[in-house]
Every structure is written in C-alpha cells, then in structure tokens.
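Engineer: Put chain B on the given structure of chain Y with help from the hints.
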Amino acid sequence: MKQFKFILSLLFSVAIFYGLNTKFGSIPPIGKFLNPYTGIWQNERSTEDFKDLSQLDGLTSPVNVHYDEALIPHVFAQNDLDLYRAQGYITAQHRLWQLEFQTRASAGRLSEVVGSDAIRFDRGQRRKGMVFGAENALEKMKEIPELVKNLEAYRDGINSYISSLSPADYPLEYKLLDYSPEPWTLKKTALLLMYMTDMLAGGDSDLKYTNFLKKYGKERFDLFFPDFYDVNDPVIPSERDWSDFGEVSSPDIPGGDSPIAYVSGLLPKPHPDNGSNNWAVGPEKSYSGNAILANDPHLGLNLPSIWYAMQLATPEKNTFGVTLPGAAGIVIGFNNDISWGVTNATRDVKDWYKIQFKDKSRNEYLHNDQWKATTKKIEEIGIRGEKTFYDTVVYTHHGPVTYDASFTDNEELVGYAMKWAGHLGGNNQQTLLELNKAKNYEEYEAALTHFVAPAQNFIFSSADGDIALWIQGKFPNKWEGQGKFLLDGNNPAHDWQGFIPQEHNAHVKNPERGFVSSANQHPTDESYPYYVFNDGYEAYRNRVINDFFRSKEKFDIQDFKDLHNNNYNLKAAELLPHMIQNLDIAQLNPEEEMLLGEVGAWDYYNEIDKKGATIWERWWIQIRNMVWDELAKDENDMPYPFAYQTIYLLKNNPNDKFMDILETPEIETASDLFLLSFKKAAADIKSWKDRNGDYAWGEYKSTYVGHLLQALPALSRFNLPIGGNSGIVNATSQNHGPSWRMIVEMSDPPKAFGIYPGGQSGNPGSKYYDDFIDKWAAGEYLEILFMQDESSKDGIMFTQTLTPKQ
Amino acid sequence: MKSFLSNFLLTLVLALVFSLLLPWWSIMLAAFLSGAIVRLRKASAFVVPFLAIAVFWIVYAWLLSSANDFILAEKIAVLLPLGGNAVLLILVTGIVGGLAAGIAGLFGNQCRALFSQSDQ
Numbered sequence: 000m001k002q003f004k005f006i007l008s009l010l011f012s013v014a015i016f017y018g019l020n021t022k023f024g025s026i027p028p029i030g031k032f033l034n035p036y037t038g039i040w041q042n043e044r045s046t047e048d049f050k051d052l053s054q055l056d057g058l059t060s061p062v063n064v065h066y067d068e069a070l071i072p073h074v075f076a077q078n079d080l081d082l083y084r085a086q087g088y089i090t091a092q093h094r095l096w097q098l099e100f101q102t103r104a105s106a107g108r109l110s111e112v113v114g115s116d117a118i119r120f121d122r123g124q125r126r127k128g129m130v131f132g133a134e135n136a137l138e139k140m141k142e143i144p145e146l147v148k149n150l151e152a153y154r155d156g157i158n159s160y161i162s163s164l165s166p167a168d169y170p171l172e173y174k175l176l177d178y179s180p181e182p183w184t185l186k187k188t189a190l191l192l193m194y195m196t197d198m199l200a201g202g203d204s205d206l207k208y209t210n211f212l213k214k215y216g217k218e219r220f221d222l223f224f225p226d227f228y229d230v231n232d233p234v235i236p237s238e239r240d241w242s243d244f245g246e247v248s249s250p251d252i253p254g255g256d257s258p259i260a261y262v263s264g265l266l267p268k269p270h271p272d273n274g275s276n277n278w279a280v281g282p283e284k285s286y287s288g289n290a291i292l293a294n295d296p297h298l299g300l301n302l303p304s305i306w307y308a309m310q311l312a313t314p315e316k317n318t319f320g321v322t323l324p325g326a327a328g329i330v331i332g333f334n335n336d337i338s339w340g341v342t343n344a345t346r347d348v349k350d351w352y353k354i355q356f357k358d359k360s361r362n363e364y365l366h367n368d369q370w371k372a373t374t375k376k377i378e379e380i381g382i383r384g385e386k387t388f389y390d391t392v393v394y395t396h397h398g399p400v401t402y403d404a405s406f407t408d409n410e411e412l413v414g415y416a417m418k419w420a421g422h423l424g425g426n427n428q429q430t431l432l433e434l435n436k437a438k439n440y441e442e443y444e445a446a447l448t449h450f451v452a453p454a455q456n457f458i459f460s461s462a463d464g465d466i467a468l469w470i471q472g473k474f475p476n477k478w479e480g481q482g483k484f485l486l487d488g489n490n491p492a493h494d495w496q497g498f499i500p501q502e503h504n505a506h507v508k509n510p511e512r513g514f515v516s517s518a519n520q521h522p523t524d525e526s527y528p529y530y531v532f533n534d535g536y537e538a539y540r541n542r543v544i545n546d547f548f549r550s551k552e553k554f555d556i557q558d559f560k561d562l563h564n565n566n567y568n569l570k571a572a573e574l575l576p577h578m579i580q581n582l583d584i585a586q587l588n589p590e591e592e593m594l595l596g597e598v599g600a601w602d603y604y605n606e607i608d609k610k611g612a613t614i615w616e617r618w619w620i621q622i623r624n625m626v627w628d629e630l631a632k633d634e635n636d637m638p639y640p641f642a643y644q645t646i647y648l649l650k651n652n653p654n655d656k657f658m659d660i661l662e663t664p665e666i667e668t669a670s671d672l673f674l675l676s677f678k679k680a681a682a683d684i685k686s687w688k689d690r691n692g693d694y695a696w697g698e699y700k701s702t703y704v705g706h707l708l709q710a711l712p713a714l715s716r717f718n719l720p721i722g723g724n725s726g727i728v729n730a731t732s733q734n735h736g737p738s739w740r741m742i743v744e745m746s747d748p749p750k751a752f753g754i755y756p757g758g759q760s761g762n763p764g765s766k767y768y769d770d771f772i773d774k775w776a777a778g779e780y781l782e783i784l785f786m787q788d789e790s791s792k793d794g795i796m797f798t799q800t801l802t803p804k805q
Numbered sequence: 000m001k002s003f004l005s006n007f008l009l010t011l012v013l014a015l016v017f018s019l020l021l022p023w024w025s026i027m028l029a030a031f032l033s034g035a036i037v038r039l040r041k042a043s044a045f046v047v048p049f050l051a052i053a054v055f056w057i058v059y060a061w062l063l064s065s066a067n068d069f070i071l072a073e074k075i076a077v078l079l080p081l082g083g084n085a086v087l088l089i090l091v092t093g094i095v096g097g098l099a100a101g102i103a104g105l106f107g108n109q110c111r112a113l114f115s116q117s118d119q
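Same order as they appear, the protein sequences are chains Y and B.
When the letters of the first sequence are read in order and numbered with numbering that gives the first Met the number 0, they come out as residues 0 to 805.
When the letters of the second sequence are read in order and numbered with numbering that gives the first Met the number 0, they come out as residues 0 to 119.
Isolated chain Y (complex conformation):
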C-alpha cells in the first residue's frame, strides 16, 4: 500500500511538473509563465529596471541617458563608439524581443521559434536570397573600418544587455513562446536592413504581367498597365531640365523573343500601400523664413512600433529622430543644421529570368548558349520540436532560382531566377551615419552615394535655407521595357547591362516653385533620359499635396499638421460624380435610394463621422471586383490594374469587354456595373449595420495597431477613431498608415513635432507600450524636446548613467 501511494504521488508529481513546464501548441508552459518570480508578473512594470549600469563593458567615458516624459532617451556620449554602444544597449533594454524577431523573420528562421507553421514563410525568405543579400551588404560595410567599429560597438551594447538578463527579465514574448534571446551580430544588422529592403523594394509584378501578356496580348496590356497615366505630377517637377547630364547612354532593345510562360504559386508581395509622404518648403514659402520639412512613412501598424525615437549626441554632433531597432544611428530626423526624411522610390529593380537546366541535377544552366555551372546553397531550416528541413537553393549568375520544381509545380528542368537590387550589397548604414552628422547640402549629397536599396526619395532641408530631393538607389540602366516581363536567362542581352550613374539619379535642389515633395508617384516625367518603370505609381496623394503647396504663398507648422491629417479623397472626387450620374436610379429600392442620397451629399472627406465615406469605399471595392473579376477568377496569378487606370477605363472605355461579368448571361457595361456594384455595396452595408450598428467611416474602417505576433488581441489596440484611407494623404487604412509623423522647422535651434502609433517601450506591461496611439489617432503630436546640452533638465523624468567597467 505504501509503495502504491508512493508511486502514485511520484507519478502525479512528474505529471504536474511536465504539464506546467511544457508548451502545448500555443499555450505557454503555464508554471513557468505564471510564477511571480520568473514569469509574466516580472514584466508587470512601466519602467524597466533601470539598474545602475556601472559596468558597461567597453565604454570609454560615462554616457548620460536622460528620459523625457514620453520615455524618449536623450543620449549624451563623449565619442561615437560610446554613443552607438549606448544606443545598442538602450534599444535592447526597450525593444529586445522585436529587435530579434524581425531579424529572425528576415533570415527565414521563424520555424525555430513557432514550429512548422512557418516553414513556407521561411523557405520563401531563403529562396528570395534574404541572407545572400545581407551577406553581400555586410561585405560592403566591411570596406569602411570605422563603420565596422561603430557597428561592433552597437552590437556589443545589445549583447551587454542580453547577458545582463536572467530568464525572469526576458521580455514577455519570450515567455509566451518559451525561448531565449541569442547574441546580436553584425550580420543581424544587415538582415534588419534587408527586412526593410524587402518590405519596400521586394515587390514586382513581372511574372503576373507575363501571365497577363500571354493571355490577353500586348495591346490590352499597354492599355491596362501604361508606363505613364494621363495625369502626372512627378516627384521631380517637370520644370527640371536634364541638360546638365550631357549625353547619356542606355542599352538598345535587343532582338530575339522573350519567354512567354504561365508562372503561378508566387510568393506574397509586400503590402501594396507601403509608401510615404514627404514635403519641404524653402524660406520664401515659409511663414518664418526657415525651411520646414515633414515626413510620414506608411507601413503596417504594429506593436511594438517599427520606430524607436532617440536623441543621439556627442560633442561633434547632435541628432534627433527615429531609429530602426537593429540599425545604428537615426533613420529619419534632424540635427541643428539639416533635416531629412524618406519616402519609397518604387521602381522595378527585381527581374526574373527563365532558366534552362541541363539535367535533373541542376548543376548546369544555359547562358549565351553554353552550359554554365550553378552553385547551390543548402538551407537548413530548424523547426521547433521537429527534424531540420533542408532546402537546396540553386544560384545562377543572375541570382537565386526562387521558383523551381522543388518549390512550385514547375517543369523539372525549368527554373526562375531572381535578379534584385536588394542582392547587390549596399551600405545604407553608412548613409545613415553620415546623414546624422551632415551639416549642409554637400554632405547630404555625399552621404546618399552609399545607398543602394530600397531606393528612397530623400528629402532635405537645411538651416542655410536649402531644400532638395534626391531619388537615391542603385538603378539598373535598362533598355526600354527590360524586366517588365519574364526575361530570357540564356540571352546575355537580357542581363542587366549596367547602372544609371549615381550622379544621374533624378534630383532637384531649390526648385523655382519653392517646395519639394514626394508621395510614391512617378519619379519624373517622360523627359528624364533613362528608362523608368514600376508596377504602378501612386496618383492621388501627390496631387493633393502639390495642389496644397501651389494654393497659397506661405505655410506654417499648422498647415503641415493639417496636411498630414488631410482626409480629402481625390479618387472618390474623380469617380463618384460620374458613377452617380450614370446610375439607373429607377432600379433602386427605397433603402438604396437613401444610401445614394447620403453618398451624393458627401464632401469627399474620409472623416470618422462620415457615412458617405463608408458607402463610397464599399462601392469602390465592389466595382473594382466586378471590373476585374476575369483576373480574380483566372487559374494563374494575374495582376490588377491600379486604381487610377481602373477609373480611367470606367470613364473612357465603358463598353470594354472587361466590364462584363463572367457569371451572368448578359453583357454588362460600366453603367450596369455602377448599378450592380451599388446594390451589392448597399447589401454589404445593411448587413454590417445589422451586426454592428452605425456605419460611420471611423467605426466601419476600425483601424487597429496589431502586435507583431499575428495581432494577438490581448496585445493590440483596436477600433481607433482615425479617418483617412489608402490613397489619401492621411493614408490610414485598417492596419496600415503613417508609422511616424514628423515636422521640423529649421530655426535655431530646430523646432520639431513627431508622433508614431505605439510607444517607446516594447513591453506590453508598460504604460509606455501604446501611450502615443490615442494622440496619433487624434492627429496630435509630441512637441519634441531637442536638448542642446545637458545643463537644463527641463522635461526630463529621470536619468540613467552608463559608466565604464573599471
């Protein structure tokens, strides 16, 4: 009996230990998770333990970190190495989990943490050559020894923080997923920059375009996907003439055919709304005579926020702005002499080559009618709780063969190789560090030369009163049409033939109109002497912004704030009256008539209380779906024409064959679609109303900021009252929008305002985790504390001092 009881209680003990110490599916190990000494209760704090950091390895002098009331650190160091070491330490202190998670995602290593659900994602990252690109970038960075030292200091700062942690101190997400942080490396910084490159320059439609071309032919293609829309208000104003470039040369269009093939099972593209606004006015258009600059990058709305705000100062420089956790220096910001910002300069810098392999071994491929050797990279994908998955990725001189028989259902001997500017290896990190300390236009111009991808519209203003905009990236000098569709991997004339000389990248300094701006629209007009193409350019925000700056003589900071928060829907203004006019009202029931009345009386502003905005947005989605039903239903992946061209066709080609709805026996025209889509939109709104009540735009859109782990509801913020939408200057859609709004006036010292939808702390247990969100949604800003020196501590909550190890 005694033995029996003994064994039974032993078994129970083992069982409960195992049960509480093990992760089951998404349920964390509950004993570890809930115990108050090392579990989540240790994360229940609003300021992380700001231990006295008296022993920071490698520091040469003490560094003071003054935290203001928004928990923004103002870092004062005696030299660059100490500064970046402190930046690494402080960033890790507030954002460790995110820092690591983003680079894991970039490298295709999520399966190690979350298990086999992430295999397809991880394989995609490896096959896109994310690590390949990061390694190339790292080589490039190593060419500048001083940069390497700075990045090593940054790395060591992060690692000093990591090694100071016990499991009790780990950020919440480690406890939730039950794993531990690993040391930071320089390669991880390169991977973080690749993560941004992929987000901003990882999209292309070449293969979808090829599918479309094969099915519908060139004439249809050119109508639906024109190089230029019939309106164009480009980044570089049309007044710019390019004669300063002298003679330029571009390769001739080669003879020979391009391959025409259906390719499907394509990897997902980055979010189509990844983009931004920026603008700056020069002294003559500024209320005070000081240049004023603004920027708002539009990205997925996540927690922890992609941005972390900081001031970084040494005796030689003093810079404020937002950083990307994982990269040294400020990414978007200002110092006493200059301010700068970026928007995405989308351009087709990713091309695809059809590869013919000699045999199943894939050891050789055809190029210039000769068999050339491939190289192979065996990707090891660790999977939590399972055996490692091995994936062989074949590389040609073009780049990685992303799609082949082992990944998609290709023919055995055919592959599709990627040539991508993201693989070229750039030194974006050097650009950032040089910008941080730049004092004038010349230093800004020099800083940009290192920047390869993702190409950006670098906007600039200075205390000297200069404003400028450079479209900077490394752009292949293409023959007209090169890379719009699938290219022939055998034909050497299809290879990239060279690059546009950096000094010929489109740019403008102090234009006559007195302002510069960009909003992901076409970089130039047709007079620019190089071939420029992208799978669609934004066509609305740019016009609203530029019209605003043409509308009056002088602008002040309030004007800038108003423009950030401008909800004017130009797209609706250009289509809605036409739709209403061509609608057969006799066919509507009373409820639909009421909705038509509401949308007809709407003023085209996507404000939160406007029902008209909801009706329009629903109507637009439905009409778009109806026009392009042929593309959605196609068995191959097909591209969608951009909004501008869709509207152009609805207005100008109302009887186009695409207006027909496949499922119905009748042949529909644009007017029929206006009616049908309106009825559908009305039904959508009715059912929404039945479920949720009021359909005012704010409630209907219900913007949220989601935690990086699939927007776990517990750690996310929902139903934020904010207007706008994609294509509007306030580009806030449901889960995407302005991720950092900044306004800087180059007074002495600069006056600045900024806000982002998140908070400085990455800890969901902190009151600083999401404390900017309500302000951001309301269109408010933090007045930036830009400390000139340490003599005044006004606005400082507390100070953390890092002192060297003795």
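Hints are computed from structural coordinates only; laboratory data are not their basis.
Owing to the predicted nature of the structure, the values given are computational and were not obtained by experimental measurement.
From the three backbone atoms N, C-alpha and C, an ideal C-beta is built for every residue, glycine too.
Errors might be hidden in some of the hints.
Unchecked claim - Listing some non-contacts, in silico: residues in chain Y with all C-beta distances to chain B over 10 Å: (1) Leu9; (2) Asp177; (3) Met198; (4) Val507; (5) Lys553; (6) Gln557; (7) Glu591; (8) Asp633; (9) Ser765.
As the list claims (entries may be wrong) - What follows is a set of in silico ranges between Cβ atoms, one per label pair, in the way DEER data are often shown: (10) Y/Gly381 <-> B/Val86: 38 to 48 Å; (11) B/Pro80 <-> Y/Lys438: 30 to 40 Å; (12) B/Gly82 <-> Y/Arg690: 17 to 27 Å; (13) B/Pro80 <-> Y/Ser686: 49 to 59 Å.
Said to hold, decoys possible - Which stretches of chain Y does chain B cover? Using the computed rule of at least three CB atoms under 8 Å from a CB of chain B, they are: (14) 131-141; (15) 384-394.
Structural biologist: Just chain B now, kept in the frame of chain Y:
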C-alpha cells in the same frame, strides 16, 4: 494543528529561499521537502502546501501587479482567456502554484512514509 502550521511556514520559507535561486519548480521542491520533514495526515498533506504556495504566489503577484495598475494582468487575462479579469488571473496563478505544491507535498509525505519505518 501544530504540524499544520509548521508545514505551512516551512513550505513558505523554503519557497521564498528557493525562488531566488531556482526556476518556477522551486515551490515544488519546497513543498516536497517540508512534506518530507513535517508529517501531515490525509488531505492536509495536500491542502497545507497548496494553501502556503497559493497564498505566497497570490500575494506576490498582487504586489507586483497592483504597483503597475494591473496593466499586464488585464492583457494576459485576455490572452488566456479569463475575460480580461486581473483578479481572476491572480487567483489562477495561486491555484497553479498551489496544485504543483500540493502534489509535491503529498509526494514528500509519501517518501517520508516509505523511508522512515519508525513512523508507522
């Protein structure tokens, strides 16, 4: 009654000490040892260490969480899911610790019973 109290206090003291050094199962170890040292009969062999650790974890979790306005507790109580009720999460925390300790305490008692013949 006296052994109740001694077991309760011993479990608590050992748990306090071990928790500083060991992972979450420190409380199982504490309950096991005090069960092996202070003999308890029948249900109390489970209930006393259960209560000791439940109280311990509840009080400590409460102290940590109330100092921060229960910000995180309310979120975790959505995640688990406990309807966002922080108090419920604190109770669950106590019960989880208590269960582990209670069972370890029982096991401690049985060990003692098995190895110390003189007791019976």
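Engineer: Does each hint hold? Answer for all of them.
Structural biologist: Status of the hints after comparison with the structure:
1. A cut-off of 10 Å between C-beta atoms contradicts the statement that Y/Leu9 is not in contact with chain B; the least separation is 6 Å.
2. Every C-beta of chain B lies more than 10 Å from that of Y/Asp177, the closest at about 12 Å, which supports listing it as non-interface.
3. For Y/Met198, the non-interface assignment is confirmed: its Cβ lies about 27 Å from the closest Cβ of chain B, beyond the 10 Å cut-off.
4. At roughly 48 Å from the closest C-beta of chain B, the C-beta of Y/Val507 stays outside 10 Å, upholding its exclusion from the interface.
5. Consistency note on Y/Lys553: stated as away from chain B, and its beta-carbon is indeed over 10 Å from all of that chain's, at 45 Å minimum.
6. In this structure Y/Gln557 is separated from chain B by more than 10 Å, as the shortest Cβ-Cβ distance comes to about 34 Å.
7. No Cβ of chain B approaches the Cβ of Y/Glu591 within 10 Å, the least distance being about 40 Å, so the stated non-interface status holds.
8. No Cβ of chain B approaches the Cβ of Y/Asp633 within 10 Å, the least distance being about 41 Å, so the stated non-interface status holds.
9. A beta-carbon of chain B is positioned within 10 Å of the beta-carbon of Y/Ser765; the least distance is around 7 Å.
10. Taking the beta carbon of each, Y/Gly381 and B/Val86 are about 40 Å apart, inside 38 to 48 Å as hinted.
11. Range check, B/Pro80 to Y/Lys438: Cβ separation about 55 Å, and the 30 to 40 Å hint is violated.
12. As the Cβ distance of B/Gly82 to Y/Arg690 is approximately 22 Å, the hint placing it in 17 to 27 Å holds.
13. For B/Pro80 paired with Y/Ser686, a C-beta distance near 27 Å fails the hint of 49 to 59 Å.
14. Taking a C-beta to C-beta cut-off of 8 Å, the region 131-141 of chain Y contributes 0 residues in contact with chain B, too few for the three needed, and the coverage statement is violated.
15. Check result for the region 384-394 of chain Y against chain B: violated, 0 residues qualifying (beta carbon to beta carbon below 8 Å, three or more required).
When each numbered hint is compared with the structure, violations occur for hints 1, 9, 11, 13, 14 and 15.
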